[in-house]
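Asker: For reference, the chains in residue letters:
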Amino acid sequence: KAGVTQTPRYLIKTRGQQVTLSCSPISGHRSVSWYQQTPGQGLQFLFEYFSETQRNKGNFPGRFSGRQFSNSRSEMNVSTLELGDSALYLCASSTTGAINEKLFFGSGTQLSVL
Amino acid sequence: QQQVKQSPQSLIVQKGGISIINCAYENTAFDYFPWYQQFPGKGPALLIAIRPDVSEKKEGRFTISFNKSAKQFSLHIMDSQPGDSATYFCAASMMYMLTFGGGTRLMVKP
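Read top to bottom, the protein sequences are chains H and F. Residues in the first sequence are numbered from 915 upward in steps of one, following the working numbering. Residues in the second sequence are numbered from 86 upward in steps of one, following the working numbering.
Please note that a few of the clues may not be correct.
Pairs of lysine-lysine, DSSO-like flavour, derived with a Cα cap of 30 Å [as the list claims (entries may be wrong)]:
#, chain 1, residue 1, chain 2, residue 2
1, H, Lys-971, F, Lys-194
2, F, Lys-142, F, Lys-153
3, H, Lys-971, F, Lys-156
4, F, Lys-90, H, Lys-971
5, F, Lys-142, F, Lys-100
6, F, Lys-143, F, Lys-100
7, F, Lys-143, H, Lys-1016
8, H, Lys-927, F, Lys-127
9, F, Lys-156, F, Lys-90
10, F, Lys-194, F, Lys-153
11, H, Lys-1016, F, Lys-153
12, F, Lys-142, H, Lys-1016
13, H, Lys-927, H, Lys-971
14, H, Lys-971, F, Lys-100
15, H, Lys-1016, H, Lys-971
16, F, Lys-194, F, Lys-142
17, F, Lys-127, H, Lys-1016
18, H, Lys-971, F, Lys-127
19, H, Lys-1016, F, Lys-90
20, F, Lys-153, H, Lys-971
No wet-lab data here; the hints were simulated from the structure. Just so we're clear, the structure is a prediction, and the values are computed from it rather than from any experiment.
Assemble the whole structure, with the sequences as input and the hints as a guide.
Answerer: Written out as structure tokens, the structure is:
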């Protein structure tokens, strides 16, 4: 069974640009969540989607947005990139997002903003 | 506001020793407490988890101890091995989101 797939693996952008990251969950998983990982702030929750509906959103500015498609694949978008957006962006999936379900993480997209 | 505090930030243990990582939380609405292990270049992977109505859970060499009244929980790794060298994160769950501790970088010396 394939794991959570995130593309691209690495991305370099300049300030002011926008970026779209993609996540394909494990087959059968309908809950997809996104996390930002930085050395300074650690792992921080961005948002969670289930059946194309956002059920929760973290404390990030409106420049960070996401969506989920009918096949459960998800994308997140960051507009007007800032240097501080450089981070590893992790996607995770589970069957329904219930609290005791195992959450499977992808290897992430490493975004560098120059 | 950091809602889950983790200590220590780094830990060096000899092979065969016990590794202990501690976490404390503030929000009593958290309803599930997982631990994750992360190797360089990889995403975190679930190690073990506990519900707040259980005081201890053991899976192989890994044990979680949970103290609900003190709002603290800890991970014990028995017979630590060099292959356990990784970064460990405690987390607390509520409303489809995980709040992570700051992480502990564990090094197990052969």
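Asker: Can you confirm whether the C-alpha distance between Lys-90(F) and Lys-971(H) stays at or below 30 Å?
Answerer: holds (21 Å)
Asker: Decide if the proposed pair is consistent with the structure: Lys-127(F) and Lys-1016(H), CA atoms, cutoff 30 Å inclusive.
Answerer: Within the cut-off at roughly 17 Å; holds.
Asker: Need the status of pair Lys-971(H), Lys-127(F): alpha-carbon distance at most 30 Å?
Answerer: With a Cα-Cα distance of about 24 Å, the restraint between Lys-971(H) and Lys-127(F) holds, given a limit of 30 Å.
Asker: Please verify whether Lys-156(F) and Lys-90(F) have alpha carbons no more than 30 Å apart.
Answerer: holds (11 Å)
Asker: Does Lys-142(F) pair with Lys-1016(H) here, judged by a C-alpha cut-off of 30 Å?
Answerer: Holds - the C-alpha atoms of Lys-1016(H) and Lys-142(F) are around 16 Å apart, at most 30 Å.
Asker: Holds or violated: Lys-194(F) with Lys-142(F), Cα cutoff 30 Å?
Answerer: holds (26 Å)
Asker: Going straight from one Cα to the other, do Lys-153(F) and Lys-971(H) come out at no more than 30 Å?
Answerer: Holds, at roughly 27 Å.
Asker: Between the alpha carbons of Lys-194(F) and Lys-153(F), is the straight-line distance 30 Å or under?
Answerer: violated (33 Å)
Asker: If you draw a straight line from the CA of Lys-971(H) to the CA of Lys-156(F), is it 30 Å or shorter?
Answerer: holds (25 Å)
Asker: Next pair to validate is Lys-1016(H) with Lys-971(H); report whether the Cα-Cα distance is within 30 Å.
Answerer: holds (20 Å)
Asker: Straight-line Cα separation of Lys-971(H) and Lys-194(F) no greater than 30 Å?
Answerer: It is violated: about 40 Å lies between the C-alpha atoms, which goes past 30 Å.
Asker: Is it true that the CA of Lys-143(F) sits at most 30 Å from the CA of Lys-1016(H)?
Answerer: Within the cut-off at roughly 17 Å; holds.
Hint compliance for this structure: hints 1, 10 and 14 are broken, all remaining hints hold.
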